[in-house]
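**Student:** Sequence:
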Amino acid sequence: MPTAKMDSFLKYANFFYTAVGIEPYTRLSRPSVPSLWISLVFWANIINLSLVLLGETVYVLVSFATGENIVESIMVMSYIGFVLVGMNKMAFVWWKKSSLSGIMQQLEELFPRTKAEQAAYQLDTYLASCSRLSLTFSLLYSVLIWTYNLFNIAQYLVYELWLGTRIVGLTLPYMMYIPWRWQGNWSYYLLLFSQNFAGYTSAAGQVSTDLLLCAVATLIIMHYDYLGRLIELQKLSGDWSQDARFLAQVVQYHERLLSLSAELNEIFGVPLLLNFLISSFVICFVGFQMTIGVPPDLMIKLLLFLVSSLCQVYLICHHGQLIADASSGIALAAYKQDWSYADVRYRRTLTFIIARAQKPAFLKATVFMQITRGTMTEVSSSVRILNAYTQRVYLMR
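Those letters in the sequence shown? Residues 1 to 397, by the UniProt record's numbering.
If a hint is listed, it holds; no wrong ones were tucked in.
Label pairs and their calculated CB-CB ranges:
id	residue 1	residue 2	range
1	S35	Q249	33 to 43 Å
2	I47	Q122	39 to 49 Å
3	V270	L51	21 to 31 Å
4	A128	V58	41 to 51 Å
5	T125	F64	48 to 58 Å
6	V270	P179	32 to 42 Å
7	K5	Q249	22 to 32 Å
8	G67	K5	57 to 67 Å
9	V270	Q106	18 to 28 Å
10	G67	T125	56 to 66 Å
11	S131	Y314	13 to 23 Å
In silico EDC-like pairs for lysine to aspartate or glutamate, Cα to Cα no more than 20 Å straight-line:
id	residue 1	residue 2
12	K11	E108
13	K96	E108
14	K301	E72
15	K359	D325
16	K5	D124
17	K97	E266
18	K235	E117
19	K5	E109
20	K11	E109
21	K96	E266
22	K235	D338
23	K5	E117
24	K97	E108
25	K235	D343
26	K97	D7
27	K336	E232
28	K96	E23
29	K96	E263
30	K115	D7
31	K359	E232
32	K97	E23
33	K5	E108
34	K336	D325
35	K359	E255
36	K359	E266
37	K11	D124
38	K336	D243
39	K97	E109
40	K97	E263
Worth flagging that the hints you see were computed from the coordinates, not collected in a lab.
If you're wondering where the values come from, they're calculated on a predicted model, not measured in any experiment.
From the three backbone atoms N, C-alpha and C, an ideal C-beta is built for every residue, glycine too.
Assemble the whole structure, with the sequences as input and the hints as a guide.
**Tutor:** Dropping the structure here:
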């Protein structure tokens, strides 16, 4: 089999970034190539998405001001949250391109290139896991967004044109304030294209950033695990000068991985915090709509939205847990090493490595949140509280 490239971990993220006109990073083997077409795609996506977001926001404000269409407004608030998460992630990756490029260049330097090195790193295992998760998550979000984009058109074609069982009419996929009468004229098709375009942009912005984060996290985890095996399986000579050289290499490697973990948090910390906050509200609003009684076909849409949002949160929490486990595993590997006949200076130095590894690297949503699988439980608790409050307010009106 040919040797794997680092781009194999990133191909799904890069595909979605290209679709929204973003070049998230540059590397030594992948220099920046200015492109007028890419810039046009990016700004077309951003301007169109901003206009749709504005229309949805005005719709919600008008609904609450008049007291009409409250349930529909809550559904639109779910869409607004979805758009805000996508725009937030795209904006931060675009803003932090230079820092992200630095991480990617470091990972490229550390990436094993020969077949023997890749076998030692067990690279195929990590690549298969990353590709499987990336493909599944990409398909899930693609099904989600195109279900929402095409749902109303499908209803019109099936119920009105094909079966003739009810009048559906040509409606837009997302409710928003439109300051002119668009029904029954050519502007409907323009608005339909704009909303479909915006929905895809928002979904691609979320998927691309999540997949990039998970791919980079997987590469860092691979290095932590390799370092752990290297320490545990090292056969010491008992000669201090020789073993000290090995120890120095281990410390340098470990410090570099800790530095990469810190840089990853610096880039993705704020987007992750906003992602968890907004996603909690989105899940709450979607759950609320499912509890007030909706038609079966709409229930399928809401269920798909809910599952996708929960999977997105869990995907991030899962990789946060893997980073914490892999970095803390260095301490266990050092303890399990056969150091019984090593020089006393080696043993003392090894205790410092064990002590440092007992403060594991975490994926952090700024200083406010360390992300592990336990974070999923915290998000679920917050959603339950928000959902109960939303239902209470709705029943009191």
